[in-house]
Amino acid sequence: MDRMTGYAALLVLAGIVLSGIFAPQLAPMNPFEPNMAIRLQPPSMAHLLGTDALGRDLLSRMLYGGRSALLLSLVSTLLALGIGTLVGMLAGYFGGRTDAALTTLTNIFQGIPGISFMVAVAGFVGPGVTGLLLALVAGSWAGFSRIVRAEVMQRAAEPYVEQLRVLGCSDGRIILFHLLPALGGTLLVLGTLRLGRGVLAVAGLSFLGLGVQPPTPDWSTMISDAMLYYRQAPHLIIVPGAAIILLVSSLNLVGQMLHRRLDVRQEVRG
Amino acid sequence: MTAQENGFAVHDLTVCYPNGVRALNGVSATFPAGEVTAIIGESGSGKSTLGQALYGALPAGAQASGSIRFAGMDVLACPQAILRTQYWGKQWGIVPQLPRAALSPVHRIGRQLADVRRGAGRPPWDAAAYISLLERFGFDDPQRILHAYPHELSGGMLQRVLCAMADAGEPSWILADEPTKGLDPAVWQMVAEELSCLAARAGGSFLLITHDLPLARRLADRVVVLQAGQIVTQGRADEAVNAQVEESAHTAKREVRRVDPVPPKDHAVLAAEGVTKYMRDRRSGAQMRVLTDCSLTVDTGRAVGLEGQSGAGKSTLVRILLGLLPTDDGTVRWNGRDIAALPRADAPAFHRDVQLVAQNPEQAFDPRRSIGMSLAEVFAVHPILLRAGRTKREQVIDALSAAELTEHILARYPHELSGGELQRAAIARALLTKPRILLLDEPTTMLDISLQAQILDLFLRLRTERGLGMLLISHEHALLRDFADTIHLLEAGRVL
Numbered sequence: 010m011d012r013m014t015g016y017a018a019l020l021v022l023a024g025i026v027l028s029g030i031f032a033p034q035l036a037p038m039n040p041f042e043p044n045m046a047i048r049l050q051p052p053s054m055a056h057l058l059g060t061d062a063l064g065r066d067l068l069s070r071m072l073y074g075g076r077s078a079l080l081l082s083l084v085s086t087l088l089a090l091g092i093g094t095l096v097g098m099l100a101g102y103f104g105g106r107t108d109a110a111l112t113t114l115t116n117i118f119q120g121i122p123g124i125s126f127m128v129a130v131a132g133f134v135g136p137g138v139t140g141l142l143l144a145l146v147a148g149s150w151a152g153f154s155r156i157v158r159a160e161v162m163q164r165a166a167e168p169y170v171e172q173l174r175v176l177g178c179s180d181g182r183i184i185l186f187h188l189l190p191a192l193g194g195t196l197l198v199l200g201t202l203r204l205g206r207g208v209l210a211v212a213g214l215s216f217l218g219l220g221v222q223p224p225t226p227d228w229s230t231m232i233s234d235a236m237l238y239y240r241q242a243p244h245l246i247i248v249p250g251a252a253i254i255l256l257v258s259s260l261n262l263v264g265q266m267l268h269r270r271l272d273v274r275q276e277v278r279g
Numbered sequence: 004m005t006a007q008e009n010g011f012a013v014h015d016l017t018v019c020y021p022n023g024v025r026a027l028n029g030v031s032a033t034f035p036a037g038e039v040t041a042i043i044g045e046s047g048s049g050k051s052t053l054g055q056a057l058y059g060a061l062p063a064g065a066q067a068s069g070s071i072r073f074a075g076m077d078v079l080a081c082p083q084a085i086l087r088t089q090y091w092g093k094q095w096g097i098v099p100q101l102p103r104a105a106l107s108p109v110h111r112i113g114r115q116l117a118d119v120r121r122g123a124g125r126p127p128w129d130a131a132a133y134i135s136l137l138e139r140f141g142f143d144d145p146q147r148i149l150h151a152y153p154h155e156l157s158g159g160m161l162q163r164v165l166c167a168m169a170d171a172g173e174p175s176w177i178l179a180d181e182p183t184k185g186l187d188p189a190v191w192q193m194v195a196e197e198l199s200c201l202a203a204r205a206g207g208s209f210l211l212i213t214h215d216l217p218l219a220r221r222l223a224d225r226v227v228v229l230q231a232g233q234i235v236t237q238g239r240a241d242e243a244v245n246a247q248v249e250e251s252a253h254t255a256k257r258e259v260r261r262v263d264p265v266p267p268k269d270h271a272v273l274a275a276e277g278v279t280k281y282m283r284d285r286r287s288g289a290q291m292r293v294l295t296d297c298s299l300t301v302d303t304g305r306a307v308g309l310e311g312q313s314g315a316g317k318s319t320l321v322r323i324l325l326g327l328l329p330t331d332d333g334t335v336r337w338n339g340r341d342i343a344a345l346p347r348a349d350a351p352a353f354h355r356d357v358q359l360v361a362q363n364p365e366q367a368f369d370p371r372r373s374i375g376m377s378l379a380e381v382f383a384v385h386p387i388l389l390r391a392g393r394t395k396r397e398q399v400i401d402a403l404s405a406a407e408l409t410e411h412i413l414a415r416y417p418h419e420l421s422g423g424e425l426q427r428a429a430i431a432r433a434l435l436t437k438p439r440i441l442l443l444d445e446p447t448t449m450l451d452i453s454l455q456a457q458i459l460d461l462f463l464r465l466r467t468e469r470g471l472g473m474l475l476i477s478h479e480h481a482l483l484r485d486f487a488d489t490i491h492l493l494e495a496g497r498v499l
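Top line first, the protein sequences correspond to chains A and B.
When we follow my numbering, the leftmost residue of the first sequence carries the number 10, and every step to the right adds one.
When we follow my numbering, the leftmost residue of the second sequence carries the number 4, and every step to the right adds one.
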């Protein structure tokens, strides 16, 4: 991948994020208002991307539709990153029994098969945003924790950390001011790569009806709604599908660019 | 191809770094194939830069002029992609400095050897070939080494693993950068042997970058002596050159004098009493006794020496004295109080009183913080040290000048400083807490001979002026004899 690809991905990502943020200003129509008279129309001047099965303007729905995927993915990634860093840090720094207990816990969570577990949680808590978040976080924090643990173990054994202890620095001080900043690059890269997978997971669950609920515009629910009409109006599937592909791949490419820039160790895929 | 064609020819090479330092200045030399050439010089003489330039691997931003030719190819003009695909790791092998940093901590040695071989584009070997490779490099138990992770091996073993690794790629040239830095004599002997074995296998085309004269004398056919970026002398490693080399080294070494310290104002004592320590062997899971009934006293105004080979338990004892490791039997007393039973409120006072100067100055500081930030942190941990009427900065500068440094170092980061400067900065940091006892764990092993003498002078002066109690740990008897009032010998975990 050359440098240009990275910048192009960054541009695409910025475009998607900005259009999500400014959707209320940018959207030409109300994305919730049905109009059965103009249902399933192909793209035209009045409706640049056409209309859906209820006659709603697709462009407006597309602008709003990226919000839920991005936001849910972001929140779940931050939560998972927070929990994973905390657990991994404690396990790696204190070692011994703390480590054994936390690593066992991590292993249990990492042994859980991703999507099917998410389906189970979402099914258990009920469809909706809470269940979705819970499922995403439970399914992904363990990966962060393992990497953070390994990294902290290695760094905590470095002579300068011992020297800090000799100077009388408390464990909290060493963790907060010396080890955590050292992990910054790793966490940024891991987080960005996870965002892409998060978007896919949200999309998958919402597609199955377990995540974002109608009438909230969401790319994957839009696809699942449009399945009945794929012959008459294929654009209803193609447009949101392409948007998901663009978002996920731009996140991955940006993650890879950061990875190379920040010179993070190789095994960050988790 | 003749030896001449397949060697390096350097003509009028000048290398400047972005910070204005001219690391090499008009260097011309030849490095013929089939001969071991030693590049000798003190730290900062440009010898590592010359090694990097020969392999076309100068750091980004360095400006090089002049020419380097290898088998008709212009190394300086050669694109990195070609160097990477055709030379590095293939024709040109390397034995890097600091073996621990050069190996991946998460892969077994066997796997890393195989990676090197694959990277060099050589046909794969079976397990027996790797075993005989390791045997050639002096390992008695190659099977175990193949399955070991780097952290399970000692520094000397890792250095030999790296020699084997360089050999696995069957390169036609090998460059070894300071391969004996920080090794103790017994290990040195072994590594030197493996290096000569390695040189012989590469058809003798071998570059040795070192400040270790005995090593150069033992291995080299030719020597190139660098000083301040210029070649002082080069030629066959015969008597004349040897003499000249010795001479330039000796002018650098200063006489270490003994002085009588001022009597200390208030007394502090750190004593190990019958300390025994077990460690679990990671492999067999068996408990191994590292220290047996060790007793040792350091008090203000006295210099105590502790001599021992690597693996004798020196570092373990230091860590126990500092309270970093618990004892299994026996106690460490600080002014008569058991440090293991020290109330939380008194711990800072203990940490202020007993400070450490460790072996490797390059790893003594948080690499993300400037020296100034690292020094100022001491006040964040011990606010009691802030005295009325004196700013933090003034106190830091006082400590720096006591360690013979100036304040311009404060804005620098550890990687921008030399080993000597870093060791002085580490001493300054230790002095900030106003300690009464300093533990010096091989403080000069990683430094050049000339720097060693300066740092020792500094310790002597601190001892005289401040009456500090010092425990100097070293494997060099001569150094301890010059420095310490009493010398203990640590052998197989016992203090004799």
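It should be emphasised that the hints constitute simulated quantities derived from the structure, not laboratory data.
Please note that a few of the clues may not be correct.
[Stated by the list, open to error] Taking beta-carbon pairs under 10 Å as the criterion, some of the chain B residues facing chain A (in silico):
| id | residue |
| --- | --- |
| 1 | V119 |
| 2 | L325 |
| 3 | A361 |
| 4 | Q362 |
| 5 | L442 |
| 6 | H480 |
[Unchecked claim] Here are the in silico distance ranges between beta carbons for each label pair:
| id | chain 1 | residue 1 | chain 2 | residue 2 | range |
| --- | --- | --- | --- | --- | --- |
| 7 | B | Q312 | A | A129 | 35 to 41 Å |
| 8 | B | H270 | A | L271 | 33 to 39 Å |
| 9 | A | L271 | B | D488 | 49 to 55 Å |
| 10 | B | Q312 | A | S179 | 32 to 38 Å |
| 11 | B | I452 | A | V84 | 56 to 62 Å |
| 12 | B | T33 | A | G181 | 54 to 60 Å |
| 13 | A | L271 | B | I387 | 47 to 53 Å |
| 14 | A | G120 | B | G75 | 57 to 63 Å |
| 15 | B | A495 | A | A129 | 56 to 62 Å |
| 16 | A | P33 | B | A65 | 33 to 39 Å |
Idealized CB from N, CA, C, for every residue including glycine.
How the hints compare with the structure:
no., hint, in the structure
1, V119, "violated (17 Å)"
2, L325, "holds (5 Å)"
3, A361, "holds (6 Å)"
4, Q362, "holds (8 Å)"
5, L442, "holds (9 Å)"
6, H480, "violated (25 Å)"
7, Q312(B) x A129(A): 35 to 41 Å, "violated (60 Å)"
8, H270(B) x L271(A): 33 to 39 Å, "violated (51 Å)"
9, L271(A) x D488(B): 49 to 55 Å, "holds (51 Å)"
10, Q312(B) x S179(A): 32 to 38 Å, "holds (35 Å)"
11, I452(B) x V84(A): 56 to 62 Å, "holds (60 Å)"
12, T33(B) x G181(A): 54 to 60 Å, "holds (58 Å)"
13, L271(A) x I387(B): 47 to 53 Å, "violated (39 Å)"
14, G120(A) x G75(B): 57 to 63 Å, "holds (58 Å)"
15, A495(B) x A129(A): 56 to 62 Å, "holds (59 Å)"
16, P33(A) x A65(B): 33 to 39 Å, "violated (54 Å)"
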